[in-house]
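There are 2 protein chains.
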Amino acid sequence: MQIAEPLSIAIEEFSKLPGIGKKTAQRLALFIVKNETNFAERLANSIIGLKTKLKLCERCFNLSEEQLCSICKSNKRDHTTLCIVEDINDVIAIEKANEFDGVYHVLGGVLSPLSGVTPDDLKIKELLKRFENENFKEIILALNPDTEGETTTLYLAKLIKPFGVKVTRIARGIPIGGDLEFTDEVTIGKALLNRIDL
Amino acid sequence: MQIAEPLSIAIEEFSKLPGIGKKTAQRLALFIVKNETNFAERLANSIIGLKTKLKLCERCFNLSEEQLCSICKSNKRDHTTLCIVEDINDVIAIEKANEFDGVYHVLGGVLSPLSGVTPDDLKIKELLKRFENENFKEIILALNPDTEGETTTLYLAKLIKPFGVKVTRIARGIPIGGDLEFTDEVTIGKALLNRIDL
Chain Y
1 MQIAEPLSIA IEEFSKLPGI GKKTAQRLAL FIVKNETNFA ERLANSIIGL
51 KTKLKLCERC FNLSEEQLCS ICKSNKRDHT TLCIVEDIND VIAIEKANEF
101 DGVYHVLGGV LSPLSGVTPD DLKIKELLKR FENENFKEII LALNPDTEGE
151 TTTLYLAKLI KPFGVKVTRI ARGIPIGGDL EFTDEVTIGK ALLNRIDL
Chain S
1 MQIAEPLSIA IEEFSKLPGI GKKTAQRLAL FIVKNETNFA ERLANSIIGL
51 KTKLKLCERC FNLSEEQLCS ICKSNKRDHT TLCIVEDIND VIAIEKANEF
101 DGVYHVLGGV LSPLSGVTPD DLKIKELLKR FENENFKEII LALNPDTEGE
151 TTTLYLAKLI KPFGVKVTRI ARGIPIGGDL EFTDEVTIGK ALLNRIDL
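Chains as they are written, first to last, in the numbering used here: chain Y, 1 to 198; chain S, 1 to 198.
Don't read these hints as lab results, they were simulated from the structure.
There's no promise every hint is true.
Copies of the same chain look alike in the list, so a pair counts if it fits in one copy or across any two.
Stated by the list, open to error - Below, computed lysine to any residue pairings styled on SDA-like, alpha-carbon distance capped at 25 Å:
1) 96 - 138
2) 76 - 35
3) 22 - 12
4) 22 - 109
5) 190 - 121
6) 76 - 196
7) 53 - 42
8) 125 - 189
9) 123 - 177
10) 53 - 138
11) 16 - 54
12) 34 - 154
13) 34 - 53
14) 22 - 147
15) 137 - 36
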């Protein structure tokens with residue numbers, strides 16, 4: 001098989017991305033070949049920009065262009081409400097919901113004894129340090145409702161309670177647009193237990 | 001919603017690629033952020049390489065790093081058998097099959113009166129010119145078996161016949177691994193008509 005080397009290199013690199021197989025990689029590479037040079041340059045620059053322009057916010061460990069991220073710097077946000085999340089993706093997901101105007105703390109993972117993730121591997125020390133400098137009224141634990149997320153939630157709740165702030169967790173229940181019939185029994189059970197007054 | 005600009009730019013650019021929506025684009029961008037800088041650089045360079053290192057072969061219009069592509073230059077290929085295809089993708093597909101050792105001619109499209117594609121828009125003039133300099137024994141028409149591909153096949157067959165070379169087309173039939181039950185009747189009809197002796 002004789003394929004021009006720059007093409008096979010690009011296919012190789014694209015197929016290292018998650019969810020991109022060789023066939024999709026080839027389609028993407030040929031799309032770029034056939035498109036204007038400008039597009040290839042903009043795409044390549046945006047990829048480089050991801051590594052050169054972004055770092056982690058020193059306070060909350062969200063992605064940022066400067067020492068502090070735009071959320072930590074903003075005076076339009078409520079700096080007394082802290083939302084603890086596992087990962088940067090979760091900050092984006094919550095920001096998209098447009099319901100939260102507090103600040104974040106990105107743990108960078110969840111406790112997982114089986115995979116050897118201990119509290120020292122997460123930004124928990126840094127979280128506790130924030131209580132010295134910041135004045136929180138409520139801590140929202142927004143970790144995924146799986147075993148590891150639950151473990152981490154309980155661990156953090158115990159750790160934070162002594163600071164005398166309100167500690168909450170995001171609600172678990174039937175998702176909007178969901179169907180009772182096709183919802184698993186644990187979720188239905190939690191949704192019943194956590195029912196709210198109308 | 002507050003997302004760091006380099007991230008939103010990369011998501012924007014990635015989502016311009018075919019089959020990549022905003023969610024996938026975000027996943028790809030965050031994968032790159034979390035991966036080593038080397039990977040981002042290799043990916044970006046390979047994208048730039050697609051536009052700077054590749055051009056079209058002057059003879060067959062396949063992708064090439066030099067004036068002539070590696071297939072046209074190779075003396076291991078049979079330069080008397082010419083395979084006419086619609087697009088660069090088709091060269092790759094045929095090369096992968098490892099059954100063809102001749103040379104190619106990429107038309108750059110198929111005739112389509114409805115979309116206004118006329119013979120002048122395709123590399124047909126260039127194809128006819130090759131008959132002056134090269135000594136073909138067989139021309140294989142390997143266009144897609146759809147209406148436009150068929151039209152183009154018939155048009156080219158008529159055009160090439162006067163040169164006195166053998167003109168063939170690739171077989172249409174049941175694909176390997178296919179199922180008669182689920183094959184459309186036109187394909188089954190063609191497969192019966194084009195049955196071969198055992």
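At 25 Å max between alpha carbons, let me know whether residue 123 reaches residue 177 within a copy, between copies, both or neither.
-> Cα proximity of residue 123 and residue 177: none, with 35 Å in one copy and 53 Å across.
Using 25 Å as the alpha-carbon threshold, which applies to residue 22 and residue 109: within, between, both, or neither?
-> Between copies only: 24 Å across chains, 30 Å inside a chain, cut-off 25 Å.
Should residue 22 paired with residue 12 be assigned to within, between, both, or neither, using CA atoms and 25 Å as the limit?
-> For residue 22 and residue 12, the Cα distance is within 25 Å both inside one copy (7 Å) and across copies (23 Å).
For residue 190 vs residue 121, is the C-alpha pair at or below 25 Å within one copy, between two copies, both, or neither?
-> neither (30 Å within a copy, 64 Å between copies)
Pop the pair residue 53 and residue 42 into one bin, within, between, both or neither, using alpha-carbon distances up to 25 Å.
-> both (15 Å within a copy, 17 Å between copies)
Can you tell me if residue 34 and residue 53 fall within 25 Å by alpha carbon in one copy, between copies, both or neither?
-> between (29 Å within a copy, 13 Å between copies)
For residue 137 vs residue 36, is the C-alpha pair at or below 25 Å within one copy, between two copies, both, or neither?
-> Neither, since 53 Å and 38 Å both go past 25 Å.
25 Å Cα threshold - placement of residue 196 relative to residue 76 | Intra 30 Å, inter 77 Å, cutoff 25 Å: neither.
When no copy is named, should residue 16 and residue 54 be tagged within, between, both, or neither for a Cα gap of at most 25 Å?
-> both (21 Å within a copy, 22 Å between copies)
Go through the copies and call it for residue 22 and residue 147: within, between, both or neither, with a Cα cutoff of 25 Å.
-> neither (34 Å within a copy, 29 Å between copies)
Since the copies are identical, ignore which copy is meant and state whether residue 125 and residue 189 lie within 25 Å (CA to CA) inside a copy, between copies, both or neither.
-> This pair counts as neither: shortest intra-copy Cα distance 34 Å, inter-copy 72 Å.
Should residue 34 paired with residue 154 be assigned to within, between, both, or neither, using CA atoms and 25 Å as the limit?
-> Neither: 53 Å inside a chain and 27 Å across chains, both beyond 25 Å.
The structure shown violates the earlier hints numbered 2, 5, 6, 8, 9, 10, 12, 14, 15.
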